[in-house]
Amino acid sequence: MEDAVNATISEPLDIVKLSLGERVFMKMRGDRTITGTLHAYDAHMNVVLSNVEESIHIVDVNEDGIPQAPRVERRSLEMLFVRGDGVILLSPTQ
Amino acid sequence: MLIFSFFKTLTDQVITVELKNDLCITGTLKSVDQFLNIRLDGIRVEDPERHPHMLAVKNVFIRGSVVRYVRMAARAVDTTLLEDATRREAHNTGK
Chain A
1 MEDAVNATIS
11 EPLDIVKLSL
21 GERVFMKMRG
31 DRTITGTLHA
41 YDAHMNVVLS
51 NVEESIHIVD
61 VNEDGIPQAP
71 RVERRSLEML
81 FVRGDGVILL
91 SPTQ
Chain B
1 MLIFSFFKTL
11 TDQVITVELK
21 NDLCITGTLK
31 SVDQFLNIRL
41 DGIRVEDPER
51 HPHMLAVKNV
61 FIRGSVVRYV
71 RMAARAVDTT
81 LLEDATRREA
91 HNTGK
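Protein chains in written order, with the UniProt record's numbering: chain A, 1 to 94; chain B, 1 to 95.
These aren't lab readings, by the way, just hints derived from the structure by calculation.
Every value quoted in this text rests on a predicted model; they were computed, and no experiment measured them.
Each residue gets a CB set at the ideal place from its N, CA and C atoms; glycine is no exception.
Honestly, I wouldn't trust all of these hints.
[As the list claims (entries may be wrong)] Below are the EDC-like pairs computed for lysine to aspartate or glutamate, each with C-alpha atoms no more than 16 Å apart in a straight line:
#  : chain 1 : residue 1 : chain 2 : residue 2
1  : A       : K17       : A       : D42
2  : B       : K30       : B       : D12
3  : B       : K8        : B       : E46
4  : B       : K30       : B       : D41
5  : B       : K58       : B       : D41
6  : A       : K17       : B       : E83
7  : A       : K27       : A       : E63
8  : A       : K27       : A       : D60
9  : A       : K27       : A       : E73
10 : B       : K20       : A       : D85
11 : A       : K27       : A       : D64
12 : B       : K20       : B       : E46
13 : A       : K17       : B       : D41
14 : B       : K20       : A       : D31
15 : A       : K17       : B       : D12
[To be verified] In silico negatives: residues of chain B with every beta carbon more than 10 Å from chain A:
#  : residue
16 : T11
17 : K30
18 : S31
19 : V45
20 : R50
21 : P52
22 : M54
23 : L55
24 : R68
25 : E83
26 : T86
27 : R87
[Claimed, not checked] Derived coverage of chain B by chain A (criterion: at least 3 residues anywhere in the stretch with Cβ under 8 Å from a Cβ of chain A; other residues may be distant):
#  : stretch
28 : 2 to 9
29 : 33 to 44
The shape of chain B in the complex, shown without the other chains (with noise of 0.2 Å):
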């Protein structure tokens, strides 16, 4: 639920999607669910030659067990806020 929130202040920013086949997809993201699925809209794929069918597709919708990574900007994130949050996680759903 922690991570899903944190993806949810994240909408309409610019990422990078680092699949776990290696392929990068920076694109806006515009939404997400509880199972981290994530749909992004006006994508580019970082290494074009290697992936020339992506080139035509625009908007995707990405299954959230292929994510390796999702990569953000520093400035797009509270960290304080994230640490707060999490400890309180940790707190109710702990004991």
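Bound-form chain A, shown alone (with noise of 0.2 Å):
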């Protein structure tokens, strides 16, 4: 079994092409990560995505410069398409 996926898996972007249809998780320049349904890609990991769910990790600072507690700003997508430039990682999530 584990002899038969890694022979799928030869080069990084296989792991990409076997998440065509499942779920996926990105993170994002910005602070940003992204969960959504993984429907094309392409070299530069431009991405089609539908049923996205973002989260913004923002930590304010406040007057005297101290940084508060971390909050996260959620927001709820159909369809996305992400270009690749600002793309970390993407990882297949179970």
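With the hints as a guide, bring both chains together as one complex.
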């Protein structure tokens, strides 16, 4: 079984190929994370996702320059194209 | 090439382009090129109070590299077709 999986994954983008039609987690520049169903990708890691939930992780700083507890802003989008230059990583979710 | 073709299928649909400076522009997609530069007609900015300099602008050309996201309606996209095309492209360019 493991040999079969290793044979299918011979280059990094193969793990993205195996995630087509599946839920994926993506970490983005600007303290953003995204989960969604993967429908398309290319070599630049441009992707198209559906049923997307985006989280923006924000640390506010008060007037004394002291960072406050981190907060998360969330939003849902039905269909989204993500440009590849902002992508840090993509991972299949179980 | 795949994503370029995908955007061509969205021509004349209303889409929202979110730029890397957080500006969100909604408009009708008129054309797209291989760099994913985008031309939008009849535009509206999501938060006009924050971007008053955009009020008079009706049509824009957006350089592909400043785009963060493009949001669109789910019914505008055939997801099965898109996945098949992606598999075919991965097969052809891969090995």
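Now for the hints, and whether the structure bears them out:
no.: 1; hint: A:K17 / A:D42; verdict: holds (10 Å)
no.: 2; hint: B:K30 / B:D12; verdict: holds (6 Å)
no.: 3; hint: B:K8 / B:E46; verdict: violated (24 Å)
no.: 4; hint: B:K30 / B:D41; verdict: holds (7 Å)
no.: 5; hint: B:K58 / B:D41; verdict: holds (6 Å)
no.: 6; hint: A:K17 / B:E83; verdict: holds (10 Å)
no.: 7; hint: A:K27 / A:E63; verdict: violated (30 Å)
no.: 8; hint: A:K27 / A:D60; verdict: violated (20 Å)
no.: 9; hint: A:K27 / A:E73; verdict: holds (15 Å)
no.: 10; hint: B:K20 / A:D85; verdict: holds (11 Å)
no.: 11; hint: A:K27 / A:D64; verdict: violated (31 Å)
no.: 12; hint: B:K20 / B:E46; verdict: holds (14 Å)
no.: 13; hint: A:K17 / B:D41; verdict: violated (35 Å)
no.: 14; hint: B:K20 / A:D31; verdict: holds (13 Å)
no.: 15; hint: A:K17 / B:D12; verdict: violated (30 Å)
no.: 16; hint: T11; verdict: holds (14 Å)
no.: 17; hint: K30; verdict: holds (17 Å)
no.: 18; hint: S31; verdict: holds (16 Å)
no.: 19; hint: V45; verdict: holds (18 Å)
no.: 20; hint: R50; verdict: holds (16 Å)
no.: 21; hint: P52; verdict: holds (24 Å)
no.: 22; hint: M54; verdict: holds (21 Å)
no.: 23; hint: L55; verdict: holds (25 Å)
no.: 24; hint: R68; verdict: violated (6 Å)
no.: 25; hint: E83; verdict: violated (5 Å)
no.: 26; hint: T86; verdict: violated (5 Å)
no.: 27; hint: R87; verdict: violated (7 Å)
no.: 28; hint: 2 to 9; verdict: holds (count 4)
no.: 29; hint: 33 to 44; verdict: violated (count 1)
Consistency with the previously given hints fails for numbers 3, 7, 8, 11, 13, 15, 24, 25, 26, 27, 29, ordered from lowest to highest.
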